[in-house]
Amino acid sequence: MSLYQMQKFLFNLNRDSATQDRFRTDLPGLLSGYQLTAEEREAIVSRDVGLLYVLGANGQLLMHYAALLGMPWGDYIAAMRAGVAQHGPVRAGIYAMTTRLDERVANI
Amino acid sequence: MSLVFAGVSSHAPGITGRAKMADPKVAERFFDAYRAMGAQLEAARPEALVVVAAEHFANFFMNNMPAFAVGMADAYEGPIEDPQWLAIARTSVPGNAALSKRLIEEMMQTVDLAYAEEWKFDHGIMVPLNFLTPRFDLPVIPVNINCQGPPLTPLHRAWAFGEALRRAADAAPERIAVVGTGGISHWPATPDSGKINEAWDREFLGCWEANDKEALLSYTDEATYRDAGQGGFEIRTFAAVAAAAKGCGTVQFYQPIPIFSVGCTIATMQVAA
Chain W
1369 MSLYQMQKFL
1379 FNLNRDSATQ
1389 DRFRTDLPGL
1399 LSGYQLTAEE
1409 REAIVSRDVG
1419 LLYVLGANGQ
1429 LLMHYAALLG
1439 MPWGDYIAAM
1449 RAGVAQHGPV
1459 RAGIYAMTTR
1469 LDERVANI
Chain C
658 MSLVFAGVSS
668 HAPGITGRAK
678 MADPKVAERF
688 FDAYRAMGAQ
698 LEAARPEALV
708 VVAAEHFANF
718 FMNNMPAFAV
728 GMADAYEGPI
738 EDPQWLAIAR
748 TSVPGNAALS
758 KRLIEEMMQT
768 VDLAYAEEWK
778 FDHGIMVPLN
788 FLTPRFDLPV
798 IPVNINCQGP
808 PLTPLHRAWA
818 FGEALRRAAD
828 AAPERIAVVG
838 TGGISHWPAT
848 PDSGKINEAW
858 DREFLGCWEA
868 NDKEALLSYT
878 DEATYRDAGQ
888 GGFEIRTFAA
898 VAAAAKGCGT
908 VQFYQPIPIF
918 SVGCTIATMQ
928 VAA
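Going down the list, the protein sequences come from chains W and C. When we follow my numbering, the leftmost residue of the first sequence carries the number 1369, and every step to the right adds one. When we follow my numbering, the leftmost residue of the second sequence carries the number 658, and every step to the right adds one.
Calculated directly from the structure, the hints in this document are not laboratory data. Be a bit skeptical, because a hint or two may be false.
What follows is a list of derived Cβ distance ranges for each label pair [unchecked claim]:
hint, chain 1, residue 1, chain 2, residue 2, range
1, W, G1397, C, S749, 27 to 37 Å
2, C, R832, W, G1401, 44 to 54 Å
3, C, V683, W, L1395, 35 to 45 Å
4, W, E1471, C, M765, 45 to 55 Å
5, C, M719, W, P1396, 45 to 55 Å
6, C, T877, W, Y1372, 51 to 61 Å
7, W, N1475, C, R747, 40 to 50 Å
8, C, D739, W, T1393, 14 to 24 Å
Think of the CB as a built atom: it goes at the ideal place given N, C-alpha and C, for glycine as much as any other residue.
Excised from the complex, chain C in its bound form (with noise of 0.2 Å):
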């Protein structure tokens, strides 16, 4: 049918990994805000939900990296971490193989991506899952762009991903979701992990509301390592999200919380024509 859902969310491991070291009133709104984002997706009766996705070595090395990948399987497994320390147990989760292949094809008309038939979830959909699909039973379709391994993919090639998955999806007969997930402005797994510039972020998440293109891709990787670490590259799914949902966004919740490496976000953004 057409695109019915879009929004964007943080997948830092330590939002559930490390849930229990942060002060449980903020982590609780935090949560509260991640759980409401996921009744909306509910109402707005999706059959598929497409994750877009910064994966971080899980399925992808530098052997053979894509730009963009995107999975085309009936069911994919997650995390690939030690359940015990992401603090997510170990599951099955559906997907939709020939859903996948259409989107695929429509997509491939203008961006030349990756289709991986196996793929384990790591956190950068494991835990948005967690809080939007508690019960893992909607149907999923991962892609991931690589934010990780330089050459990383453009950022503009990223919003014109997002343009290829609206075309896709709009070309669909199913009720189809999109949710970008990642970080802003963070510098995970190093010793720094925990510093957040939040100044950036709002900057950032305005331009990301206002679905500013010119301002979205004006964001060179030099000053985005400069300013937001190599964690902000993954604005890359921000933009994808952006280029697909076509109208303004709103931030539901936004608070830096140190220890879960990351300025905690929730967004939706209207579907436009």
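Next up, chain W with everything else stripped away, as it sits in the complex (with noise of 0.2 Å):
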């Protein structure tokens, strides 16, 4: 289980300008500094937020992420539902998901 690798990656990404310029120049180099499973890596390198929720990345780590990815609000709703929708249920961690997969809220 790395999910703690996986998440210290994304609170140097969010925190460190310096981890965001490899993360933009030299991602395969930066990656090599975390034990992730494969299954994370991928999840990773594909920029896939649905996939990443679902493997259980903390919300206040992955919304910081998205963001830096460029996706406004709703699509990073969208993302993690379509996540579920792929992947199954959230596997570990505080944020799974609570309503149904075609449910609104809050008009997102």
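Put the two chains together into one complex; each comes in its own frame, and the hints tell you how they fit.
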């Protein structure tokens, strides 16, 4: 279980501009510093916010990652719902979805 | 001198970051109430503002997560988030390291806490300051209670922290204000963002207004997670303020605003002996 490592990556990325630069210019090198599963690595490389959500990324980390990727708020919400639809319920952490897949909250 | 002001307020990042997506009439009423709380705070002539917040992995992570942390610097920077995303410009906020040190020394007599000489403010502090002290000129002493990474700080320890804060404030010659920030029920940053359990919120606020310690501390994490979401864990900040103020509270504003992801709350509490 390397959810800790995946979240540590998001934590560092969110708060450190040098890490953000490296995210853009040398992602493989940046990720080599974290012990990630193949699924986690692929989710990061493919910018799959929905899968990161299902893998258990804390929302307080994930929403800033989504903002860094330039995703508007509605797209972030939609990506998490799409992740659950594709990969099933959230597997870890305290940010599980409690509404139905087809539910719209806050008109998003 | 003593504690001269106590209150609680919401801090959700959508309050500023998604302000333009809300019904302007509803949002403006909330912002007016927030600014009115700022006027009350100013009228109390505090020399420092202790913000008891629930940090969100801005400074503290699971490699070394304190149950309580208190800032001890002469200046802090915020927001750590993208300023455009939060719609609050990055700025320097004054602190008071010497006062922090005295408060920490006294609080440590009864509560084990971490201190931090470096701290970047996230929305949990910047959103409240944006309305309460919009010139960012009142020295702030930041406090973090772990409401984010389980095992969480037990609710009764948050109460003990509030008692220690009050004792420390009373021992200081400065006039000190305290504001707790956080959500009541909410499911932030999930697909459920905007879901709000208004009945739960109102019942909790009733307990808080009455400063009913037994009722406030009866909320189990299991029930809170079920009924109020992971955001509900932030009631720790409300409990700490109630323990510090000791008086009765008044809710000035409560209104669910789903696009802000929270039942938006502004409340003050009488500081009693």
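Hints and how they fare:
For the pair W:G1397 and C:S749, the supplied restraint of 27 to 37 Å holds, since their beta-carbon distance comes to about 33 Å. For the pair C:R832 and W:G1401, the beta carbons lie near 47 Å from each other, so the given range of 44 to 54 Å is met. Take C:V683 and W:L1395: their Cβ atoms lie about 42 Å apart, and the range 35 to 45 Å holds. Remark: the range hint 45 to 55 Å for W:E1471 to C:M765 is upheld by a beta-carbon distance near 47 Å.
The beta-carbon spacing between C:M719 and W:P1396, approximately 25 Å, falls outside the hinted interval of 45 to 55 Å. Checked against the hint of 51 to 61 Å, the C-beta distance between C:T877 and W:Y1372 comes to roughly 26 Å, which is inconsistent with it. Between W:N1475 and C:R747, the C-beta spacing of about 31 Å breaks the proposed range 40 to 50 Å. Take C:D739 and W:T1393: their Cβ atoms lie about 19 Å apart, and the range 14 to 24 Å holds.
When each numbered hint is compared with the structure, violations occur for hints 5, 6 and 7.
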